[in-house]
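Assemble the whole structure, with the sequences as input and the hints as a guide.
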Amino acid sequence: MIDLFSLALAHGLLLLMVLRLMGRDDLDRDPPPPAPDAKPEPGE
Amino acid sequence: MIDLGLFLFIAALLLLGIRRPFVWVLAYIYIDTLEPQDIGWRLVASMPVSLIAFCAAFGGWLLADPRHGARMALRQWLLVILLAWCALTTANADFPAEAAYKWGWVWKALLFAIFVPLTITTRLRFEAVVLTMVLTAGAIIINGGIKTATGGGGYGVLHLFVDNNTGMYESSTIATVAIAIIPLILWAMKHGTVFPPDWRVNTFGYALIFACLLMPIGTEARTGLLCMAVLGVLMLRYVKRRFLYIGAAAALGVVALPFLPQSWYARMSTLDSAEEDTSASTRMAVWRWTIDYANSHPMGGGFDAYRGNKFTYKLPVRTESGNTSSVRLEDHTDQARAYHSAIFEMLGEQGWPGLFLWLWIHGLGLWQMERIRRRWRSRTAADQQWQAPLALALQCAQIIYLVGSLFQGIAYQPFILTLIGVQCALWTWCKLADSPRRSRARRPARAPAGDAVTAGEPALR
Chain A
0 MIDLFSLALA HGLLLLMVLR LMGRDDLDRD PPPPAPDAKP EPGE
Chain B
0 MIDLGLFLFI AALLLLGIRR PFVWVLAYIY IDTLEPQDIG WRLVASMPVS
50 LIAFCAAFGG WLLADPRHGA RMALRQWLLV ILLAWCALTT ANADFPAEAA
100 YKWGWVWKAL LFAIFVPLTI TTRLRFEAVV LTMVLTAGAI IINGGIKTAT
150 GGGGYGVLHL FVDNNTGMYE SSTIATVAIA IIPLILWAMK HGTVFPPDWR
200 VNTFGYALIF ACLLMPIGTE ARTGLLCMAV LGVLMLRYVK RRFLYIGAAA
250 ALGVVALPFL PQSWYARMST LDSAEEDTSA STRMAVWRWT IDYANSHPMG
300 GGFDAYRGNK FTYKLPVRTE SGNTSSVRLE DHTDQARAYH SAIFEMLGEQ
350 GWPGLFLWLW IHGLGLWQME RIRRRWRSRT AADQQWQAPL ALALQCAQII
400 YLVGSLFQGI AYQPFILTLI GVQCALWTWC KLADSPRRSR ARRPARAPAG
450 DAVTAGEPAL R
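Line by line, the protein sequences give chains A and B.
Okay, so the first sequence: first residue is 0 according to numbering that gives the first Met the number 0, each after it adds one.
Okay, so the second sequence: first residue is 0 according to numbering that gives the first Met the number 0, each after it adds one.
Treat the hints as calculated values from the structure; they're not laboratory data.
Computed from a prediction, not measured in an experiment: that's the story for all the values here.
We put the beta carbon where it would ideally sit given N, CA and C, even for glycine.
Check before you lean on any hint, since a few could be wrong.
Chain A regions said to be covered by chain B (calculated; three or more residues, Cβ under 8 Å) [said to hold, decoys possible]:
| # | segment |
| --- | --- |
| 1 | 0-13 |
| 2 | 20-31 |
With a straight-line Cα cutoff of 25 Å, these simulated SDA-like cross-link-like pairs (lysine to any residue) come out [stated by the list, open to error]:
| # | chain 1 | residue 1 | chain 2 | residue 2 |
| --- | --- | --- | --- | --- |
| 3 | B | K430 | A | D25 |
| 4 | B | K189 | A | D24 |
| 5 | B | K239 | B | E369 |
| 6 | B | K189 | A | L18 |
| 7 | B | K189 | A | D29 |
| 8 | B | K189 | A | R23 |
| 9 | B | K189 | A | G22 |
Below, a sample of chain B positions facing chain A; criterion: calculated Cβ distance under 7 Å [to be verified]:
| # | residue |
| --- | --- |
| 10 | F8 |
| 11 | L15 |
| 12 | V22 |
| 13 | T121 |
| 14 | L123 |
| 15 | D382 |
Printed below as a string of structure tokens:
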């Protein structure tokens with residue numbers, strides 16, 4: 000049961016991550032740098 | 000059911016990779032870390048999934064990847080030389096059959112560490128690789144954490160998916176890796192864009208860190224306790240309120256102590272009594288033998304050269320009768336004892352040149368991460384906030400591994416070699432970002448007066 004839970008949780012998150020990567024253009028090329036006056040990302 | 004689930008997951012990764020070939024790189028990291036072929040017993044075990052994923056990752060990169068910014072860094076060339084050197088020592092090994100067996104997995108791990116930096120060329124790819132490493136190791140760690148919390152831990156007792164005690168499933172190795180990835184979890188929690196910071200990410204992240212901290216307790220690996228201490232010291236570089244952190248860590252330790260099992264105390268108490276511990280006495284005898292061996296065989300004896308060792312040493316044996324206890328020295332003979340240290344593993348197997356290369360690769364990594372951290376930490380642009388913390392996290396993970404590796408033969412641990420690959424990629428990425436062409440793209444067309452003061456720092460060399 001614990002084996003199943005830990006495998007399901009980790010694999011579910013891995014799959015969600017890969018699915019989210021599918022639609023991201025910046026996976027293959029970094030976006031151009033933002034304008035110099037752009038604010039830092041949240042959490043900084 | 001687990002077998003089918005693992006099979007479908009790998010099949011999904013391979014299919015999704017057709018659209019985004021980089022997913023195949025992630026698939027290989029996942030397979031190399033978790034070894035699902037050992038967990039599954041029918042479908043997954045019957046296929047060479049590791050080989051399929053490696054061929055897909057390499058082929059996908061060669062044929063379909065844009066390969067912008069793919070460069071070979073100095074450390075990758077050092078890994079190439081180490082790989083060639085290992086091939087040479089394997090050809091002249093003391094124990095050819097055993098050496099060939101170890102070479103069978105070492106060359107793949109080294110080759111992947113050389114290859115993976117060529118694929119990590121964007122910020123999102125760094126994040127994807129870090130997440131894959133953390134979540135895949137996390138599967139084992141969540142498993143071990145829950146079992147430890149529910150009383151299933153113990154030295155050599157904690158069962159983690161598979162019955163064998165090798166690779167990532169070796170108790171000391173998983174305890175070391177669990178502690179080493181904590182800085183990477185913290186980085187992903189704060190700088191993630193695939194899973195942007197929110198209460199769900201924080202809840203999972205802190206729960207995973209808690210599970211990581213439980214691994215040295217669950218496995219009762221003494222090296223894990225040492226790694227935890229190292230992490231505690233390294234965290235001082237992360238936290239802003241250091242005195243508060245020290246007080247909170249001490250309080251947490253005191254509160255946690257009563258919950259630790261008696262067997263854990265018994266195991267940890269042997270840390271300071273090395274002279275009465277067979278394990279420690281054997282290690283010291285093996286290390287002495289390895290130095291003598293390397294002096295007579297400076298080019299190394301190839302993989303598994305330790306099989307040739309045989310030594311007798313004095314082991315103190317304590318006997319108790321009534322209220323008196325006496326200690327007497329007894330001769331103890333051992334042979335074919337493993338190195339129990341990455342340093343001596345390199346020295347015995349690859350000789351002085353191999354040890355020198357290994358230390359160079361790691362030393363350069365520590366220095367490069369420090370250099371990136373110092374150069375990027377004061378930058379203020381929105382897209383310049385993740386580099387310095389990632390360098391720090393990779394450096395902390397490496398230091399924890401290096402301390403752990405002093406007492407385990409994990410010099411070629413594939414998970415850590417992948418981590419070295421990520422370091423190489425970050426170094427190359429930062430170097431390119433600071434290169435004159437990219438800097439020009441960032442700088443406004445007409446520089447304002449006083450530009451000399453605000454100009455970016457020179458490129459990394």
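Would you pick out the hints that fail for this structure and give their numbers low to high?
-> Failing hints: none at all.
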